[in-house]
Every structure is written in structure tokens, then in C-alpha cells.
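Peer 1: First to last, the protein sequences are chains A and B.
Numbering follows my numbering, in which position 55 of the first sequence is assigned residue number 56; successive positions increment by one, without gaps.
Numbering follows my numbering, in which position 78 of the second sequence is assigned residue number 108; successive positions increment by one, without gaps.
No wet-lab data here; the hints were simulated from the structure.
Be careful, since some hints might not be right.
[What the hints assert, rightly or not] Take a look, some chain A residues computed to stay more than 12 Å from chain B by CB distance:
| no. | residue |
| --- | --- |
| 1 | ASP19 |
| 2 | ASP44 |
| 3 | GLY65 |
| 4 | LEU72 |
| 5 | HIS139 |
| 6 | ASN147 |
| 7 | SER180 |
[Claimed, not checked] Below, computed lysine-lysine pairings styled on DSSO-like, alpha-carbon distance capped at 30 Å:
| no. | chain 1 | residue 1 | chain 2 | residue 2 |
| --- | --- | --- | --- | --- |
| 8 | A | LYS143 | B | LYS653 |
| 9 | A | LYS192 | B | LYS453 |
| 10 | B | LYS206 | A | LYS143 |
| 11 | A | LYS82 | A | LYS192 |
| 12 | B | LYS551 | B | LYS453 |
Treat the numbers as computed from the prediction; the structure is a model and nothing was measured.
Where is the CB? At the ideal position from N, CA and C, for every residue including glycine.
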Amino acid sequence: MENDQRVGTPVRIAMVEDKPLLRLGVRRVIEQSGDWIWAWEADSLRAARAHDINPCDVLLLDLGLPDGSGLDLIEEFSARKVSVIVFSVLGDEQSVLAAIELGAAGYLLKDASVDEMRQAISQVLSGGAPLDPAVAGHLLRKIRRNEAAASSASSAEHALMNLTAREREVLMALARGFSYDETATMLEISKHTVNHHVKQIYAKLAVTSRSQAVFEAVQAGWLRS
Amino acid sequence: MRSLRALLPTLALAAAFLLLVTWLEYSSRPALPAITSIEARPAELPVDLGSWRDTEPEAWKPFELPLKVCRIRCTTPYTAWRYRFRYERGDLTDPAIYFPYIDANFALYVNGTLIEMKGRVADPPSVYRYDARLIRVPISLLRQGENEVAWLLTIERRGTGSVMPFYLGNYAELEKPLRRLDWLTDDLVQGSFWLQLATQLFALALIVRGSREGVLIWFAVVSPFWLIIALWHLVPDWIVSTSLRFSALYVSLFGIIAFSVLFIVSILESPPRWLTRSAIAYFVLGTLLALAANFWPNLDGYWRIALPHYASKWSAMLILPYVVFRLYGYVARQRGSLMAQWTLAAALLPAICGVHDAIRGTIGPMAFALYPISGIGISIAFCLELGRRVLANQARMARYSEELAATVRAREEELAANYAKLKIADREHALSLERQRIMQDMHDGVAGQLTALVYLANDANVGRTQIIEAVRAGLVDMRLVLDSLNQQGGDLAVALGAFRGRIEPLLRASGIQLIWGVDHKLDLQGFSPEVMLGVLRILQEALSNAVKHANARCIELHAMRRDKDFVFAVVDNGQGFVATPSALTQYGISGMITRAQKLGARLSVDTAPACGTAVVLEIAAPKDHE
Numbered sequence: 002m003e004n005d006q007r008v009g010t011p012v013r014i015a016m017v018e019d020k021p022l023l024r025l026g027v028r029r030v031i032e033q034s035g036d037w038i039w040a041w042e043a044d045s046l047r048a049a050r051a052h053d054i055n056p057c058d059v060l061l062l063d064l065g066l067p068d069g070s071g072l073d074l075i076e077e078f079s080a081r082k083v084s085v086i087v088f089s090v091l092g093d094e095q096s097v098l099a100a101i102e103l104g105a106a107g108y109l110l111k112d113a114s115v116d117e118m119r120q121a122i123s124q125v126l127s128g129g130a131p132l133d134p135a136v137a138g139h140l141l142r143k144i145r146r147n148e149a150a151a152s153s154a155s156s157a158e159h160a161l162m163n164l165t166a167r168e169r170e171v172l173m174a175l176a177r178g179f180s181y182d183e184t185a186t187m188l189e190i191s192k193h194t195v196n197h198h199v200k201q202i203y204a205k206l207a208v209t210s211r212s213q214a215v216f217e218a219v220q221a222g223w224l225r226s
Numbered sequence: 031m032r033s034l035r036a037l038l039p040t041l042a043l044a045a046a047f048l049l050l051v052t053w054l055e056y057s058s059r060p061a062l063p064a065i066t067s068i069e070a071r072p073a074e075l076p077v078d079l080g081s082w083r084d085t086e087p088e089a090w091k092p093f094e095l096p097l098k099v100c101r102i103r104c105t106t107p108y109t110a111w112r113y114r115f116r117y118e119r120g121d122l123t124d125p126a127i128y129f130p131y132i133d134a135n136f137a138l139y140v141n142g143t144l145i146e147m148k149g150r151v152a153d154p155p156s157v158y159r160y161d162a163r164l165i166r167v168p169i170s171l172l173r174q175g176e177n178e179v180a181w182l183l184t185i186e187r188r189g190t191g192s193v194m195p196f197y198l199g200n201y202a203e204l205e206k207p208l209r210r211l212d213w214l215t216d217d218l219v220q221g222s223f224w225l226q227l228a229t230q231l232f233a234l235a236l237i238v239r240g241s242r243e244g245v246l247i248w249f250a251v252v253s254p255f256w257l258i259i260a261l262w263h264l265v266p267d268w269i270v271s272t273s274l275r276f277s278a279l280y281v282s283l284f285g286i287i288a289f290s291v292l293f294i295v296s297i298l299e300s301p302p303r304w305l306t307r308s309a310i311a312y313f314v315l316g317t318l319l320a321l322a323a324n325f326w327p328n329l330d331g332y333w334r335i336a337l338p339h340y341a342s343k344w345s346a347m348l349i350l351p352y353v354v355f356r357l358y359g360y361v362a363r364q365r366g367s368l369m370a371q372w373t374l375a376a377a378l379l380p381a382i383c384g385v386h387d388a389i390r391g392t393i394g395p396m397a398f399a400l401y402p403i404s405g406i407g408i409s410i411a412f413c414l415e416l417g418r419r420v421l422a423n424q425a426r427m428a429r430y431s432e433e434l435a436a437t438v439r440a441r442e443e444e445l446a447a448n449y450a451k452l453k454i455a456d457r458e459h460a461l462s463l464e465r466q467r468i469m470q471d472m473h474d475g476v477a478g479q480l481t482a483l484v485y486l487a488n489d490a491n492v493g494r495t496q497i498i499e500a501v502r503a504g505l506v507d508m509r510l511v512l513d514s515l516n517q518q519g520g521d522l523a524v525a526l527g528a529f530r531g532r533i534e535p536l537l538r539a540s541g542i543q544l545i546w547g548v549d550h551k552l553d554l555q556g557f558s559p560e561v562m563l564g565v566l567r568i569l570q571e572a573l574s575n576a577v578k579h580a581n582a583r584c585i586e587l588h589a590m591r592r593d594k595d596f597v598f599a600v601v602d603n604g605q606g607f608v609a610t611p612s613a614l615t616q617y618g619i620s621g622m623i624t625r626a627q628k629l630g631a632r633l634s635v636d637t638a639p640a641c642g643t644a645v646v647l648e649i650a651a652p653k654d655h656e
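Excised from the complex, chain B in its bound form (with noise of 0.2 Å):
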């Protein structure tokens, strides 16, 4: 149900279009009797055209109108026909004769004088197309009583040409109806032609562009034969030659049914290649039909018309089921896309005016050929389909928009939990290394302290003030692990100001001066931790050493910058060593020296007996330091 929901818009624009066209033309007829009944018979040209009268040379034949010219020809591409009748003076105060369809070339004449012509109706006979005309009769040649209007039609081909009823009247009462009729005839057809005009210029200048889709490119190759249809019809001499205008009509007919197939098909998908192999191919071979019947030398010319005129109709009626299967085939595809709804109504649309114009003759109001103005179909079709593209594009850029933002934004969040989950890994990292570091120097330092102290306790002859200065030593070394707790990313300059505080006192208390020769502008930044507290427990350890084994009055402790070193310095003016081997190791130089190396520092001894000891440190600045 569905899919038959999606063929209204096509029922609905077939009919609105037929409505039309049949309004249009019952509305082109006047309110007056329409003249049927006229003879006719085969007739010779005219020396003078101006004038023409009847010789009798054959007797007239009784006909019925409508009817195609090509039935009633005689031997002489020339027809007369005639209608007599009577007149009273009164009964028409302007007097006019009205054709709706004549398609032929013809001269008017009222008692033989010539009153109007269209067309070269003179050897050779020049192109002819219907249109609607309304002549208006000169009172002066009505005659009181029997009255005779004759005309001569012209024929370039047989199987062409064919006569409406026509009116006789009033002048004001036939201007209405001609208005009318040339809607249809003539404004709709201009319409078309330049609706088909302009897209045709868009799609190339697309394709110059650069765009290379199947449905423009067809679009592009079966436009201009829509072109010279409408052409065909708004301008009919455009080609002087009979034979080449013929066979530009009729080749643009081939044309326009094998590459409308491509175009639509185009629109569903890329036509396969047998598809546009066999479209290319019932081109060549109408087009080489059509040249063959308007060139062939000695052809009757029923079959210069008939031979292209049929081809093209019978071959059309086969292609049409087809094409209206795939455009079926699409609608189902695009269920609820309106725009595809009518796209296939547009599509259909030349495919109406065909069967309209197969069967025009057969019913009474459908008298007027469509195909001039069935490209409009294809055209709308074209501009529906791309702006159903468009949308589409549209629809799936907004589509991927939001996938790409939903994939962004799970990536961000896939980046933002492995970040998070990194960054704790970082933190469980550094409180390990850090925990670590804690352990290694409780154990090394208050741990050792404490075992010395059992040691020392247990010892009789060791005194309380020694007991007391090793546990003041252990406290000094916890409250250097603990202040390098407090120094994150801290400075070196501010933990040494800490470490005097401490150790100070201590030596105060042992009549020990200290000098401080810390240059007070030193930045002593961005040491890490680690360092820090390996700097200042090698200061310690050679302070310590100073108050317990060299005797010393005075300590300095020394601090500065040389190039891209910092250099710390302990220097005492005790009794000094004599730095063998085994001095160094007893008095923790080397354990000293050890810890410097494992900082990436140097560590020198400068000392002889009696001449106290300077023991320094030399160690790189931080990476980032200025």
C-alpha cells in the first residue's frame, strides 16, 4: 500500500496535467457552431496566388472534419477545400474565420481573393506547423446570398498534416478562444523551452566544474534533443532543407527516447553497461533510419515520414513499460522521500504526452500534439533530483557531523580516562619511589641511629653525653628526612637555611663557631628530593665529622655557583688527616663519597694533618635551572 501511496503524486500530476490541456482546449473553442461538414478535392497551384477559382476539374468529395490531411491527398501535394454558404447583410457585423488547428500550410480565400497564407505555399512547399488563427474577412467580399470560402493546403510530406473544425463569426466572439489556444500552443511551449534551456546550461556548468554524476551527464546529452523538439515546434523553418530538418526532428526524437531511458535510470543508479550499450546503440540505428528515409533517393514520401515516425512511436510504446517499472522500482526504494514521489511524477511526465499524443486523434478534445512541451518532465525531474541530492548530502554530512562528534567526543573520553588512569599510575609510581626512598632512609639513617644507640647504651663505658649527642644526631638525621618531605620541588637554599637551624644550636653547644658563607643570592631551585636530602646528608656527615674527630673551633660551610656547577664546601680548621685509604673509610668519607656519585656528584677531601679539612661537593645545576 505504500509503495502504491507513492505513485499519487504521479496520478495526481498526469491528471492535473491532462485536466489542463483539456480545459485549455475545450475552452479554445467559441461558443458557435463548429463547421464540420466541407468538400475537398486535389488541386493544382496557381499561376497568382493572389486569386484562386474553381475549374472543376475533378468533382469535390463531401468530408467530415477532423481528419488528416494525408487521407483525402490526391495525386498533387496540393488540396482544395471549400465551404460554401449563405450570407445576409446583418448578420455579420465583422466577420472573421477562426482556426484552432491547421496543420498545414495554407492560402485563405473568401470568393477567390486571397485573404490570408501561411507558410510557402508556392513550389517547393515550405514547412508548416499547426497553429491556432483567427483571419479577419473584409465585409466588402461577402456577397449577398451564396458565399464561398476556399483554401489550398500544402503538405511538405505525406502522412502529415491534418484540419480542425474551424468557425465562422464575429471577430470580438473568436479573439477569446484564440487566447486561450495560445496558451497552450505557444506560452507553455516557450515556457519549456527556456525552463529546459537554463537547467541544460546549469548542468554543464556543473560539468565544467567539475562534477562528473551519471544523472548530469545524461541530463547534459539528452537536453538538447528536448531543445530542438521545442524548437521544432516554436520556430519551424529554422532548417531551410526539408530532409535535414526531418531528420533533425527525428533523430532528437531517437535521442531523446534512448538517453531519457540512461537519464532516469541515472537517477536510480549507474545504468549498467548493456543498458547504455543498447540506448547508444537504438540511437545509431534511429538515427541512421531517419537519414536513410529522408535521404534516400526515390523514396515515396509517405515513407520518408512514416518509415523514422513509426520506428520511433512502436519502440517507445516497448520502452515505456520499462522505464516506468524502474522509476517504480526507485519510488519503492526512497519510501517516504516525497521529493523521489515526484521526481517519478516529473519523469512520467513525457511519457503521458506520448501516450496523449499516440491517441489524440481518437479522442475528440486531445487534439493538439504534446511532445512539444513534455521536456518540461525531464527537467523538473533533473532540478528535483538534485535538490534531492542535495538534501540528502545535506542529511548524511549532518549525519556523519554527529558521528564524528560522537566519535570525538568517546575518543576525548577514552583519552580522558587513560590520562586519568595514567596520571594515578604516575601518582602510585612516584608515592611508591617515594615510599621507597622513606624506607631506605629510615633504615639508613633513625634505624641505624636507634641500633647504634643500643650499642652505645649497653656499653658501661660509654658516657650520657655521648648517648645523648647520638640520639640528638638521630633526631637531626629524621628531621632532614622529614624536612626533604617538605620540599617538593622545593629549594635547596631554604632546606640549607632549614639544616642551620638545626645544626646551629648544636654546635653552639659544643663552643663551635659556624660560619655561614651561603651567598645570599644564590638560586639554589629545582633540586629534586632525592638530591636535596643526599646534599645535605653529606654536609651533615662532614660536620659530624668536624665536631667528633678533627677538634675544630670553627666550621664554615660555603655554598656558590661555578659555571654550570654548584659548589658546597665544609671546611674546618682542625687537626686535619692524612687521607689513606683507611681514614677515608674511617671516618665515612667514602661512604660520603659513594652517596655523592649516586647523586651524579663529585666529592673531594682536601686535608693534612694540622691543617683541618675541606671536604667539597661539587654537583650540575638542574636541567631547567637558568
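Isolated chain A, as found in the complex (with noise of 0.2 Å):
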């Protein structure tokens, strides 16, 4: 629905990166492509919240930026029905999971061809949930390390990130850097399918993620239930 809600109308984009050279750069990519429009550029979290007004459809966001992280401006766009796309040259699996975390629809890393910033905003706009390899191997990391510690921990920890066994194969085989096609080739699927498991992931990783939060906290005792 989203999608066909902006069908004739141009792609505003907006980028929040404190480097004006890579800021004019990637202007000039997103201007030279026709269907999409550079609605507005911010160099810190407070020139970007400064921007609120200015509607925008996806948001380039740079995570090191001087007056802290963009990682605090993810839920805030997120809220406003904009696709962030987090533009970083950090690929740590920290950052990564983080934004995925706070709803981040996509990660471009800096060093990406044009090409492949093109592709990733296309794929966002269009619905699709973007899972590069890399990405998909933090995540992977991050299941395995899940498991390790509820093995010997309480069986609701082991609940707390639940992917079913199709769900777990699509994550597998995506950080072994085959492609959606090749993926769905691979497990028999359609590509339709492998990105409907990749949104589920994302959303566990989401849910996981606030579960995780809660229950610690009923651990340490701040809440009672």
C-alpha cells in the first residue's frame, strides 16, 4: 500500500552525514536518477531534527555524526513512515544490529557502488527487506551466541529468538552470500517467499530485542509483574 501510495509521485530523499563531499557526491547520484528528488541534507542529529517539517521518504543516516549517533534518529524517522537507510563506513556488528534493532529498513556501508545505493533505495521503496551478507552473518552470529548462552540458561531465554527452521535456512544460506535467487533456487522457495522470511527476521530481531530488554530488567528487579 505504501508503495502504491508514492506511484507517480518523486522519491524525496533525504541524507544527515557531517562530510560535505560525500554529501555533495551522493546529491549527485540521487539527482541524476530521474525519479527521485534530494529533499533536504543535515550535518548533525540537531540540523536533522531541525528537518522535521520537511517531509522525506527515505533518509541516508550516517551513524558517526559530531553531536552523537545516528542510531538516535532511527526510531524517531521510523515513527514518521521514512525508510532509514543507514549509510555508514562502520560495519561492526554492534552498529548493525543496533539499527536493525531500532527499525532501520536497510544498511548501505560508504564503500558501496552506486550501483548498489541505487539498488538498496529501490529495493526499500518497493517493500523488500534488504539483507546483505554481511549483515545477514552478524545476525547469524548473533542467533548462535543466543543459543550457546540459553543451552545452559533458563528455557525462556532460549524463547527469546525463536526462528522457525525455514526462517533459520534463508538467514543461513544469505550469509554465505547467496543471493535471494540463489537462495530461493537452493531451498525450493520463491524469491516472494525468501523475503517475507527476511522481514520475519527482521521483525524477531526487533521483538527480540525489546523482549530482551524487559526480561533483563525483570531480572534486575525494575519491574514487577
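Put the two chains together into one complex, using the hints given.
Peer 2: Put into C-alpha cells, the structure is as follows:
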């Protein structure tokens, strides 16, 4: 439905990035695309928040900003139905997972090619769930760690990250570098189903994140059930 | 003062014991006037013991009771005793004669008729022992007016036997004092005997079970002598032979004196050798003396008793201060131990009895010898000492346990601290290694790339495209380094996936097709970050060569398991080359081979002009890999 609303109207893209040259480079790429328009740009958290009256559809968000982490903006913009694509040089597991848990629609590394950038934005706009192999690898490692911890902990903890067998297979294949098409062929399912599973994985990761927080809070005695 | 206070239990026990004895003795005396004035003279054994009449061969002499029989002994072993009294009908309804103490065999006659006999009076005279005796007098034997009570006394040996005052009255009046006296002369002795027997058996059981403590051994040695002494009183004729019986008595007395000292000293410490030898020598000498006195032919009967009697008596009086001194030293050392104080009190009980017996003849109320019951003190001391040792051992064990627990705690803390230090050291070592590795990687990779870029940028002949490619190659290499940092204990298959994600867009941009031939079920977990980065760099280098030099349109990347090795292969359909050493160096293959060797892997290149190139890397599976 969201996709349908955008039909016929140019997609507005904004960017929060503290490096002017990079902003300029990306802006040119976007403006050359034809279908997309450059909505606004900001070089800090404060400046980005000042643009709350200027709507946008996609926000390319850098994490390392001078006045804080870009992660702080993800929830705010996601709540306004903005698809946030984290655009960072940091590809470490912590920031990737944090971004996804906070609701980022995608994760794009700054060294990605122009094509990759276009592809990621398009995929997000078409309602897809892009899952880069590196990001899938991070997710897989997190699941394995959780399982190792849960084997020696309570079953309640084990239930926190409860992927189905199929979701797990999809994640495993993507983490091993197989494309959506290859994964679909290997698992004898459609590409659409792969996309569905990926969305489920995202959703479970976000839910897990919240459940984990509640679980830990109860454990710490902060909440009384 | 504290040491003096430690003697209080001893004084209290001695006082209580003597008061009890005195009270029993006093309460055993009827509220009747005691008969102390009598007559006596030597006598001959009558032919018929059933009656005895005064034939007056010798004049009667007046005597005052109490007295020792030996002091009035005549030339024969028999003495006749007589008391004359007037009786009016109605004076006594149930007449009886009460002897609280008569230390000899006797035959009692009323007006010449035998009414009671104790022990064997006939020749040879049998054993006697003092005993309270209440004898009912048949009223028919009494006459109106003058009456006579007479008794024949006999003793086995000179120097023994004595008579206390006696009473003549109604039976009922005399019965209660008799019962009191029985407590002292019978019940207490029996109680003492059985307690000693029980403790003796207990001590023997402990020895049989393997305990060899001095206090146990010496108690087991001395205890039988005390039992013999108690038996001497309870069963007077348990040994028929007089000489043997007296020998047993005095051997036991010498044994008691010698080994009680060793027992008491062993409570304090292991008895010194000189003391053990002295005690044994004393016992042996005493035994020889007792045997000689009793079996030496033609020895006067008086000396048969007197020699061992006085030898034991006076040696005991000499040894006693030493024993008291040692016991007092023991209590002084065990200050604050109530158990030790009562052990001293109990151990000194035989000494108190001995003093009592030595002076009993000179102090009126103390007439009964206490030696048959004095062994109870040694038994009680033994029990108290055992109890004290058990408690001391328990306290020691508790202390040891606490010390052990404290030591274990300290060791655990020390271990934990050492472990923490080791952990920190390990972590620092690992960090240092990792830091070194990253520095090396940055130097080999990014820094090298940037340096090359500077040269490229300064070269007017180098186009913009080449510079962009070089920058991208540098970014890919940096990404490999960053990825390797995320792969702690990780999965090479996942790292390969990320690698594909980085490299494929570049290849696609160059119009090259990448065929991903990694087995999707291949388990590549367990490689170290260094190995993973090394493998990825080799694969990256091979791909880069295929792009730059081979003019390949299609590159295949394969990963598979072959026995215990993993095999990675980069195969292109490019122009290939002649694998000369210079070509290998030119295309960076020598560096790849060196890098593979550092990883413990083998790298081979299969190429020929126009036949493409295959770079194959074989690396052993990690040790913990299934």
C-alpha cells in the first residue's frame, strides 16, 4: 500500500551526514537518477531534527555524527513512516544490529558502489527487505551466541530468538553470500517467500530486542510482574 | 590464686566423701548406750562349738572397746570375750545383739549356747572380714537375773582384727542402723567394684581396637589390682589358702601404689623412663616381700602380716606427696579446665581413703577401712580423663577444621587472584597479538594501497578509472581487515559470504560474471581470524589477478571439503600465462604462496596460455573440527 501511494510522485530522499563532500557526491547520484528528488540534508542530529517539518521518504543516515550517534534518529524517523537506510563506514556487528533493532530498513556501507546504493534504495521503496550478506552474518552470529547461552540458561531465554527452521535456513544461505534468487532455488521456494522470511527475521530481531530488554529488566528487579 | 581455686573440686570432693562416710557411720549407731566395758582372756577351741562354758583356766581381764584384737592376743589364736548383764523379764521383748564392726571370725554364745557363727572358727581358722551383724537372741535363753554373752574370736594372723563397741537391745531398734551401715560396707563397695569392672572392660576394648595411649595402658594394668582389693572385701574366702590370699592382697596393694602413680602421671604426660622402671622395681620388690612374708618357713605369724603391711603403708605415704605434686602441676597447666580439676579430685580419692584408713583407729567415728571403695576414684578419674581428651580432640578437630577452611579460603582467593591475573595477562597478550596483527594488516594492506595511490595520482599517464579501481581495492582490503575483526571464533563460510557481497558488485561493474561454487552445506567454522583473513586475502588477490591480468569474463570461486582439508579455488577463463618464476612474482603469486605457507596451507597454480588460471588453496581443517 505504501508503495502504491508513491506511484507517480517523486521519491524524496534526505541525508544526515557530516562530511560535505560525501553529501555532495550522493546528492549528485540521487539527482541524476530522475525518479528521486533531494529533499534535504543535515550534518548533525540537531540539524536533522530541525527538518521535521520537511517530509522525506528515505533517509540516508550516517551513524558517526558530531553531536551523537545516528542511531538516535532511527526510531524518530521510522515513526514518521520514513524508511531509514543506515549509510555508514562502520560495518561492525554492534552498530548493524543496533540499527536493525531500532527499525532501520536497510544498511548500506559507504564504500558501496552507486549501483548498490540505487539498488538498496529501490528495494526499500518497493517494500523489500534488503539483507546484505555481511549483515546476515552478523545476525547469524548473534543467534548462535544466544543459542549457546540459552543451552546453559533457562528455556525462557531460549525462546527469545525463536526462528523457524525455514527462516534459519534462509538466514544461513544469505549469510553465506547466496543471493535471494540462489537462496530461493536452493531451498525450492519463491523469491517472494525469501523476502517474506527476511522480513520475519527483521521483525523477530526487533521483538527479541524488546523482549530481551524486558526480560533483563525483570531479572534486575526493575519491574514487578 | 587461680591455681588454688583449681584445688577447690579436690577439697570439695574429699570433704563430701568423708562427710558421707562419717554420717553413715554415725547414723549406723543405735540410740542406745554402747557397750564398751568387757572382759577377755585367751581361750581354747572347745570340742563342741555348739556350747562354750567358762572353765576359768586363766583370769578374765577388763577391756575397753574399741581395740585391736592383736593387742590382747594370748598364746593361742583364740580369745574369749565376755559381757555380763542383768535381765529382768519384760526389759527386752525381742532381744538382739548388734555388732557394727567385728573384724574377726567369731562364735557367739548366750549363756553358753551358740546362737551365731561367722567364718570358720574351727582349726584351721578361716578368713574373716569385718561386717555389720545383727543377731537375734532367743528370749528363751535369757534368765531372770545374771546373764552372759560370750564369744570366741579368732584371727588368722597377728596384727589383724579388731572389735568396735556393740549393742544389746530390741531387734527393731537395731535394724535401721544396720541398714545404714550396709550402704557403707556393702552397697558402696559393690558399686565401686562394678564400676571398676566396667571401666576395665572398656579400657581393654579400646586397647583391642588398637588404641595405645599411655593413660589407657596403665589404667588397664592398675585396674585389676583394685578389683582384687574390692573382691577381698566382698568375697572374703575367694582364695582358700591363707598364704595365697594374703599374698594376693599385698601384691595388689603394691601394684596399686606402683601403677596408680604411673596411671596418674600418664594423664599428664608420657611417664619418664626412670619413673616407669622405678614403679616396676617397686612392684617387683613389694611382690617378693609379700610372697616371702607369707611363704617363708618358720616366720612368726605377726611378721607375715606386719612386713608387707607396713612396707606398703609407709611407702605409700612417701609416694603420695609426689603424686599430689604432679597432679597439682597438671591442674595448674590445664588452668580453666573444670574437667581437669575434677580429674585431680577423683584421682586423689584413693589417697584420701588411704589417709583415712591410716588414722581410722585414732579418730573415733572413722572406724571402717575405705580401701575397698577407694578404687572408684581411679575409675572416675579415668572416665573424666577420657572425656576430657575426647572434648579436647573435638575442640582440636574443630580448630583444625576452621584453620583448614581458612587455609582453603585463602588458597582459593589466591588462586582466584592468580587466575584473574592470568586472565588479564592472557587478554593483554591476545590484545597485543591482535593489535600487532591489525598493525601488520594496515601496513601491508591499507597503507600499501594508499602509498600506491600516491604514486598513481602523481603519474600523469594513469587515468581516473585506474585510480578509482585502486581506491576500491584499498577499500575492499580494509573491509577484509574490518570483517576479520568481527570473526572471533567465527565461520569462514559467513566471511566468504560477506566477501562475495563486497566483491561481486565490483566484478559486475567490470562485466565479469562470478560463479559462486561454495557448497552451501559446507561447515567452515573454527578458523582463527588470522587464518580467515589470510584465506580471504589470497582469494582476493587471485580474483584481482583474474580481473587485472587475465581479461577473464567469468570467474568461479569454489570451496569444498577433501578428507581432512578444505580446498578453495579461484578459476578464471582468462588468457592464462606460462608459470615461470618471474611470472609468478609479477602476478603476486609468490606472495600468495608465502602467505599460504604462513597459514600452514598449500597454494598451487594451474595455468597455461589461453587456458585460464586456477589458483587452488588447500588448508587443514581446524583441530576441533568434526
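Peer 1: Are the hints correct? Go through all of them and say.
Peer 2: Do the hints match the structure? See the list:
1. ASP19: 19 Å, holds
2. ASP44: Non-interface label stands for ASP44/A: nearest chain B Cβ at 23 Å, farther than 12 Å.
3. GLY65: Given that every Cβ of chain B is farther than 12 Å from that of GLY65/A, nearest at about 14 Å, it holds.
4. LEU72: It holds; LEU72/A is separated from chain B by about 18 Å at its closest Cβ, greater than 12 Å.
5. HIS139: 7 Å, violated
6. ASN147: Holds: least Cβ distance 15 Å, greater than 12 Å.
7. SER180: Incorrect as stated: the minimum Cβ-Cβ distance to chain B is 8 Å, not above 12 Å.
8. LYS143/A - LYS653/B: 24 Å, holds
9. LYS192/A - LYS453/B: The hint is violated at about 48 Å.
10. LYS206/B - LYS143/A: 101 Å, violated
11. LYS82/A - LYS192/A: With a Cα-Cα distance of about 25 Å, the restraint between LYS82/A and LYS192/A holds, given a limit of 30 Å.
12. LYS551/B - LYS453/B: Violated, at roughly 36 Å.
Violation of the numbered hints given earlier is confined to hints 5, 7, 9, 10, 12; the remaining hints are satisfied by the structure.
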